[in-house]
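Full structure from sequences and hints, please.
Those sequence lines, one after another, are chains U and G.
Converting from the first sequence to my numbering requires adding 325 to each position, the first position being numbered 1.
Converting from the second sequence to my numbering requires adding 256 to each position, the first position being numbered 1.
Some hints here could point you the wrong way.
Stated by the list, open to error - Straight-line C-alpha distance at most 30 Å; calculated BS3-like pairs for lysine-lysine: (1) K503(U) x K300(G); (2) K525(U) x K388(G); (3) K341(G) x K687(U); (4) K300(G) x K674(U); (5) K391(G) x K440(U); (6) K388(G) x K664(U); (7) K391(G) x K664(U); (8) K267(G) x K352(U); (9) K851(U) x K368(G); (10) K354(G) x K495(U); (11) K606(U) x K334(G); (12) K929(U) x K947(U); (13) K436(U) x K664(U); (14) K831(U) x K276(G); (15) K503(U) x K341(G); (16) K549(U) x K300(G); (17) K436(U) x K391(G); (18) K388(G) x K549(U); (19) K352(U) x K388(G); (20) K664(U) x K490(G); (21) K354(G) x K851(U); (22) K391(G) x K851(U).
Note that these hints are calculated values from the structure, not bench results.
Read off the chains here:
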Amino acid sequence: MQIKYTDALIIGGGLAGLRSAISTTDKGLNTIVLSLVPVKRSHSAAAQGGMQASLGNSIMGEGDNEDVHFSDTVKGSDWGCDQEVARMFVNTAPKAIRELAAWGVPWSRVKKGDKETVINAEKTTITEKDEAHGLITARDFGGTKKWRTCYTADATGHTMLYAVTNEAMKRGVVIEDKKEAISLITKDGQCFGAIVRDLKNGELTAYVAKGTMIATGGYGRIYKQSTNATICKGTGHAIALDAGAYLGNMEAIQFHPTPIVPSGILLTEGCRGDGGVLRDKDGYRFMPDYEPEKQDLASRDVVSRRMLEHINKGKGVKSPYGDHLWLDISILGRKHIEKNLRDVQDISKTFNDIDPADEGEKGWMPVLPMQHYSMGGIRTTPQGQSITLKGLFSAGESACWDMHGFNRLGGNSVSETVVSGMIVGNYFADYCKETDINIDTKMVQEALTEQDNYLDELLALDGNESIYDIKDEMRHIMQNKVGIFRNGKDLEEAVKELKALLKKTKNINITNKHRLLNQELEEAYKVPMMLKVALCVAKGARDRTESRGAHYREDYLKRDDENWLNRTLSYWANEDDWEPTLAYEELDIMKMEIAPGFRGYGKKGLIIENPLSQKRQDEIDKITQAHVGDRYELQNKLMPYELQSEYKSINQRLGDENE
Amino acid sequence: MSREITITTLKYNPSDENSKPTFVDYKLEETPGMTLYIALSKIKATLDHDLTSDFVCRAGICGACGMIINGKPKLACKTLTSEFKDARIELLPLPTFKLIKDLSVDTGSWMKNMSMRVNSWIVTNEEYDISKFEKRIEPEVADEIFELDRCIECGLCVAGCSTAIMREDFVGAVGLNRVARFSIDPHDSRTDEDFYELIGDDEGIFGCMSLLACEDYCPKNLPLQSKIAYMRRKMVKV
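Structural data, given as structure tokens:
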């Protein structure tokens, strides 16, 4: 067992972690990135459809800017997000995409002249402007007012991840793959690094750092059906929880409308963004009946619920895997599919033997909403530092800084990864530069020994439970009782059953006794971590007696701004506890730039208003009416926010002179 | 109607001095649409907790699960058990890469070395301001770069390559394709002479014997044959 020292330690080698590593390296810090897998295999690679940034180059994005992107994001979040963070994000996203372009991401570009496209299931011709030729183009996505989602066919995350990894390698970032952090080193409320297990040889090493960042993505694998990669288990959240960090809004889980049945592999929202539609067992396009304005492109939480609502009316297609609906992209034509949706085509052909470019129902793909994204995560300040554990930062999907609130818009997550890598990465770098640590090697050695002993204890357990069965049961409970439609009774049972499962993990028997390379031992230490995360989700959902964004309670149908305009915090109060403790953090309506209201999609009349919302709206109206000056000055009057000057600067756009 | 299938895999742990390479048979019931990811997950959970393999995305896009399947390098997650009419499937780890255990190999270190060797990144002195317009790129050029940027570093081209087996430092089709990708990128200022410095030898473009198994096995159907030929013509002229 050895000890390694570095300035900045980043756990997780997806887009957020790697972009943060570039920030720290550019500030002269020695940086180590740890990753469960070779970093180019991180789950960021699975982001298909695109990245939101309000460039407004395409004719269909004309008039787009930070304000429109901000408004879409806040409404998407069902007013659950931190509006200051959303502002930081929308202002930096155009810069992030331009940086990525310079790093070689081959973004699809605007071609001047006429272009045939499908809008509202009709073939339509749009005409791109001459002056936009060669700039980055965008496609339509759910919950957005403009075509804002920039893309490289349906492999956007892949090209981004390769470009960012390449830049990190160019800068000499130390990337160590097949390394898993199994606990954090902490003392007196400060984080000093992590205890790390080498997955190639099973050895433990202590990584001591001035600052530690967790960028480990989501926790979708606690569900039976998830689009997430096998590595998205939430173990990064669990080690933070164990070390005293608070997690935020863990119950906010996104279910994507169109994973393919039964494998659960995602088919991008770009399918519908490009003009594809959902159909029922009769081939009927049902979404316009439910959502006249946004139709198939309302936000994901709304579309997923409408789909299940429609299935519950008996309109689903029967299959051995239960009822499903159809996704029809054949109307886009073979040429478009084979250029812009080729991975979708490949997935559908490989796993379902369906060529979606085939005309008519032959090409329809079976889809059903499944777990897709974790809005919740390690609760941090807008600068990305844990609110309770000094020196611990988090960025990307693993964090709750909190730009998504209770529902994330498609295209905003892969965008968040790089944007937070820039913003939080730089705050993290500043912290590492300013911080000198004085650490006792004996304490580090003890932390190492503790984990070493823990692994030995796991191997020595002589019970009668199987860790594989426990994991299956957990995923089953989450699927059936903490899913899209939730209710108090199921959630109460889920919490009880998950607690019982956590207790059972103390009574397992590991048949494979190898201490070093042993994937069963890995399950044995991961599953209890996953259960703790699952308990935060289930308990948070049980106690939140309202419906907001993706959190939908059949027994509390209304969004309750009077009582629940807050953020759930969960933490593990005592080591021997069997469940997390919850606390709540109020959102301040009087500081919001957009006061709570109707989202513009979803069911109407389901809001319990907070009287402060109207008061704030009146204030906003007054400020806006009295305002003389440009939109940036108005924004600053309504809700001033802090951001590094290089990211706060004005983004150049076509037609700027008209402003 | 379900059938029983037999999956035979090599088991070997090179870090354990008591371990000897052996073949192990697993019999299991085939389920509809079963992939080798599903089959191996089932084996690991129920028949052999010690069997080691790598899966990440299980959707054919991350490149983690390359292995030799009945003699051919393929992605296991994209391989359906129903493809094998005699219900027998033999699995071996990818050659060329360092074996970690059983079906798990270290592609990460190999790909990192290759990336460092070919300087797999944009090289330029051009300044850019992220608040201003991005550089304009012809739409067709962007599409052409994307075509080559689709490589997922799964290593199947390397596992199928005779040169890679003979020459430890050969950059493989993956490396040559990467150079071809940067050579057409308007953001990159490197000249053919610069690329010659990187790949103008037998470990690079002149090592390829044009057997072209790389293209046959590429799960992304990259045009490796024409890109290697394209780079070779360019490099010969330098």
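A quick look at each hint next to the structure:
Among the hinted pairs, K503(U) with K300(G) is consistent with the structure: their alpha-carbon atoms are about 19 Å apart, no more than 30 Å. This hinted pair does not check out: K525(U) and K388(G) have alpha carbons roughly 45 Å apart, beyond 30 Å. For the suggested pair K341(G) and K687(U), the alpha carbons sit about 26 Å apart, so the restraint of at most 30 Å is met. Our distance criterion of 30 Å between C-alpha atoms is met by K300(G) and K674(U), whose separation comes to about 27 Å.
Of the supplied pair hints, the one linking K391(G) and K440(U) holds, its CA atoms being roughly 22 Å apart against a limit of 30 Å. Note on K388(G) and K664(U): the hinted pairing holds, with a Cα-Cα distance of about 29 Å set against a maximum of 30 Å. For the hint linking K391(G) to K664(U), the alpha-carbon distance of about 23 Å falls within 30 Å, and the restraint holds. For the hint pairing K267(G) with K352(U), the CA-to-CA distance comes to about 46 Å; that exceeds 30 Å, so the pair is violated.
With a C-alpha separation of about 28 Å, the suggested pairing of K851(U) with K368(G) holds against the 30 Å cut-off. A threshold of 30 Å between alpha carbons decides the hint, and for K354(G) with K495(U) the separation of about 24 Å falls inside it, so the pair holds. Using a Cα cut-off of 30 Å, the hinted pair K606(U) and K334(G) holds, with the two alpha carbons roughly 28 Å apart. Note on K929(U) and K947(U): the hinted pairing holds, with a Cα-Cα distance of about 27 Å set against a maximum of 30 Å.
Of the pairs offered as hints, the one joining K436(U) and K664(U) holds, with about 15 Å between alpha carbons and a cut-off of 30 Å not exceeded. The suggested pairing of K831(U) with K276(G) is violated, with an alpha-carbon distance near 33 Å, which exceeds 30 Å. Between K503(U) and K341(G) the CA atoms are separated by roughly 36 Å; this puts the pair beyond 30 Å, and the hint is violated. Our distance criterion of 30 Å between C-alpha atoms is met by K549(U) and K300(G), whose separation comes to about 17 Å.
A C-alpha spacing of about 14 Å is found between K436(U) and K391(G), which places the hinted pair at or below 30 Å, so the restraint holds. Annotation: proposed proximity of K388(G) to K549(U) is violated, straight-line Cα distance about 45 Å (limit 30 Å). Note on K352(U) and K388(G): the hinted pairing holds, with a Cα-Cα distance of about 23 Å set against a maximum of 30 Å. For the proposed pair K664(U) and K490(G), the alpha carbon gap of about 28 Å is at most 30 Å, so the pair holds.
At most 30 Å may separate the alpha-carbon atoms for a hinted pair to count; K354(G) and K851(U) meet this at roughly 26 Å. Distance hint between K391(G) and K851(U) is unfulfilled; the C-alpha atoms sit about 46 Å from each other, more than 30 Å.
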